[in-house]
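There are 2 protein chains.
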Amino acid sequence: MNIDDLDTPTPVIDLDLVEKNVHRAQDYANRHGIALRPHIKTHKLPEFAHLQLRAGACGITCQKIGEAEVMADAGITDILISFNIVGRAKLERLRSLARRVSLKVVADSEAVLRGLSETFSGEMRPLPVLIECDTGAGRCGVATPEAVAALAKLVTELPGLSFRGLMTYPPKHRLPDVAGWLEAARAACRRAGIDVPEISSGGTPDLYHAHEQNMVTEYRPGTYIYSDRSQVAQGHGTLEDCALRIVATVVSRPAEDRCIIDAGSKTLSSDTQGLSGFGHIVEYPQMGIVGLSEEHGHCHVPPGSKGPEVGERVTIIPNHVCVVTNLFDRIPAVRNGRVEAMFTVAARGKVQ
Amino acid sequence: MNIDDLDTPTPVIDLDLVEKNVHRAQDYANRHGIALRPHIKTHKLPEFAHLQLRAGACGITCQKIGEAEVMADAGITDILISFNIVGRAKLERLRSLARRVSLKVVADSEAVLRGLSETFSGEMRPLPVLIECDTGAGRCGVATPEAVAALAKLVTELPGLSFRGLMTYPPKHRLPDVAGWLEAARAACRRAGIDVPEISSGGTPDLYHAHEQNMVTEYRPGTYIYSDRSQVAQGHGTLEDCALRIVATVVSRPAEDRCIIDAGSKTLSSDTQGLSGFGHIVEYPQMGIVGLSEEHGHCHVPPGSKGPEVGERVTIIPNHVCVVTNLFDRIPAVRNGRVEAMFTVAARGKVQ
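From first to last, the protein sequence lines stand for chains F and R. Numbering of the first sequence is given in my numbering, commencing with residue 1 and proceeding in unit increments. Numbering of the second sequence is given in my numbering, commencing with residue 353 and proceeding in unit increments.
Hints were generated in silico from the structure; no laboratory data involved. Careful: at least some of the hints might be erroneous.
The calculated lysine-lysine pairs, modelled on DSS-like cross-linking and capped at a C-alpha distance of 30 Å, are [claimed, not checked]:
{"no.": "1", "chain 1": "F", "residue 1": "Lys306", "chain 2": "R", "residue 2": "Lys505"}
{"no.": "2", "chain 1": "F", "residue 1": "Lys172", "chain 2": "F", "residue 2": "Lys20"}
{"no.": "3", "chain 1": "R", "residue 1": "Lys372", "chain 2": "R", "residue 2": "Lys524"}
{"no.": "4", "chain 1": "R", "residue 1": "Lys505", "chain 2": "F", "residue 2": "Lys153"}
Distance windows between CB atoms, simulated [said to hold, decoys possible]:
{"no.": "5", "chain 1": "F", "residue 1": "Gly304", "chain 2": "R", "residue 2": "Asp430", "range": "42 to 50 Å"}
{"no.": "6", "chain 1": "R", "residue 1": "Gly626", "chain 2": "F", "residue 2": "Gly304", "range": "27 to 35 Å"}
{"no.": "7", "chain 1": "F", "residue 1": "Ala74", "chain 2": "R", "residue 2": "Asn354", "range": "29 to 37 Å"}
{"no.": "8", "chain 1": "R", "residue 1": "Arg682", "chain 2": "F", "residue 2": "Arg125", "range": "29 to 37 Å"}
{"no.": "9", "chain 1": "F", "residue 1": "Asn336", "chain 2": "R", "residue 2": "Glu475", "range": "35 to 43 Å"}
{"no.": "10", "chain 1": "F", "residue 1": "Thr238", "chain 2": "R", "residue 2": "Glu635", "range": "40 to 48 Å"}
Cβ atoms here follow ideal geometry from the backbone N, Cα and C, with glycine treated the same way.
So that you can see chain F by itself, here it is in the shape it has in the complex (with noise of 0.2 Å):
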């Protein structure tokens, strides 16, 4: 089967752009000391988590324990969940998938480590946590080093628990003192009596200056494995390397300006990442996705422009490739245009 024959609208990875991608990474990892961890929220593929670790990762990383259970369900050992764990349900989801896998998880209050301790103090093996650290990025996190050091403090103290060290999700543009507020957090652990053997960072835009913090032992990056257009426009390498484009076909040119392509916000998302547009599309430069309707991707033709015919078919690099791959239960994989793989996106939906 090749590229051609795939019906529209659909995603369509390409191969050979997925291994030069995560081994483009993976070399730059080892060659400056840091661990891999790679987020498979870009993915979601048991079959890419595998690749990741077979190319040298020491574990994945998680945002909620649906995806984990989906990728222990599929062999992976060592997972990361970076997300505060809350409530019964989930709490007894956790520690069941630690009695099989190593497991590792975060928190940033008193009220999520409390409910980690009363679940896992009867455990044998403790829970390794790391402590989510706001370094800038405003979302979730403990807002000082010393906050960071007396949270820290409360894991050695707690039953069922065990204290790993640090965690951020740095902000995008990450500034000079990312680094030294881990720096200092480290310093206020250590004033504690707490030792600090991990130090996690993530984020595709800034992976490539990760080993300019030389505290960070370990990177968690995700979309850098298929890459899109907003990582570009944030300076993470070039159109050519976007591994994951969009399919469409062109269902109406209604007027000389405006072309009607069957791609709409249930296959490109809404979420823009503040650009411009909803995607790049390939063959047309020039012509802009200017909105979207459900299953309407309206396009823009430049004046002087012809643009494509009803039936023609375009390729679109998406803005944010991870809500792209959360929109479709299956995502074919090509090899020079020709369809070697169709990959279940087991992952996908797992929210909770």
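Chain F is fixed; fit chain R onto it per the hints.
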């Protein structure tokens, strides 16, 4: 099982509200002699398509063949596909589908019509076609009443097709000349000797104004069954009518003014529908959902307000409910707080 036993994040459907919304619309349509053909894109559930038909709907509307196939498999026999069908693979599926249900389609160009005609020319029954008209929404559709008549003429000449009428997805804030436009198109068809049995319009915001355009014989509302924050903002009912809500859990309170919930863009979607914020929090109406990561909802706690604690649950009315139902494989339905059904979202992700 009770609503509080459901793990989060999860959408929850209120069955009493669904039934009220369905019957209210059907009663209105009956009163004005308008055929109701609900669009299933909102719920994607055969169970609710049957509910709409039992209430008195004349048939259903689907956007893609994959959705129509799911509904036909569930025993639904009268389907309009309101999307241009283009390409060999889809045309063959369309032909198979037309052999087992009463099927109608739309077209807005000669290219689309010729594809349909080639596919259906050998069939026993001609395929009924409505010409899609652009009455101001600027998406698909023929641009002028005269061009509509020319395309209607072509339908009557091409083998395998029969002309059924006109279809439009009108601009959201209807202009007085939508009616004038449709009237002119019907007159142009009549001048060409072509009768126009059906004129089909749609859109929930103007559902209860459908009778003001007295040439409209059929109406295709979708979102009315659940409603959402965007519909309410456009004047359709109140927040109390919204039958699908998201239950989420607070997982972090990293700062006094910041609250993080476990519902991000993979639960609420990034489709704001032009509104500020990503949903309405019922218990904390002043707390805006100001940003989304894939698994984190970023909420702003206003100064002077306490906001919820870690572990607390909140209920969210989403901006655009149709894209939310596309993110979940299964959705629980409750009556008076008790879970009465767990629906499989059978037509989810059917973008082909």
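Quick rundown of the hints versus the structure:
Between the alpha carbons of Lys306 (chain F) and Lys505 (chain R) the distance comes to roughly 27 Å, so the proposed pair stays at or under 30 Å and holds. Restraint check: the Cα-Cα separation between Lys172 (chain F) and Lys20 (chain F) comes to about 24 Å, which is no more than 30 Å; the hinted pair holds. Restraint check: the Cα-Cα separation between Lys372 (chain R) and Lys524 (chain R) comes to about 24 Å, which is no more than 30 Å; the hinted pair holds. Restraint check for Lys505 (chain R) and Lys153 (chain F): the C-alpha separation of about 80 Å exceeds 30 Å, so the hint is violated.
About 46 Å separates the C-beta atoms of Gly304 (chain F) and Asp430 (chain R), a value consistent with the hinted range of 42 to 50 Å. For the hinted restraint 27 to 35 Å between Gly626 (chain R) and Gly304 (chain F), the CB-CB distance of approximately 31 Å keeps it satisfied. Remark: the range hint 29 to 37 Å for Ala74 (chain F) to Asn354 (chain R) is upheld by a beta-carbon distance near 33 Å. At roughly 33 Å, the beta carbons of Arg682 (chain R) and Arg125 (chain F) sit within the given window of 29 to 37 Å.
For Asn336 (chain F) paired with Glu475 (chain R), a C-beta distance near 39 Å keeps the hint of 35 to 43 Å intact. Taking 40 to 48 Å as the suggested C-beta distance range, the pair Thr238 (chain F) and Glu635 (chain R) conforms, at roughly 47 Å.
Violated hints amount to a single one, hint 4; each of the other numbered hints is respected by the structure.
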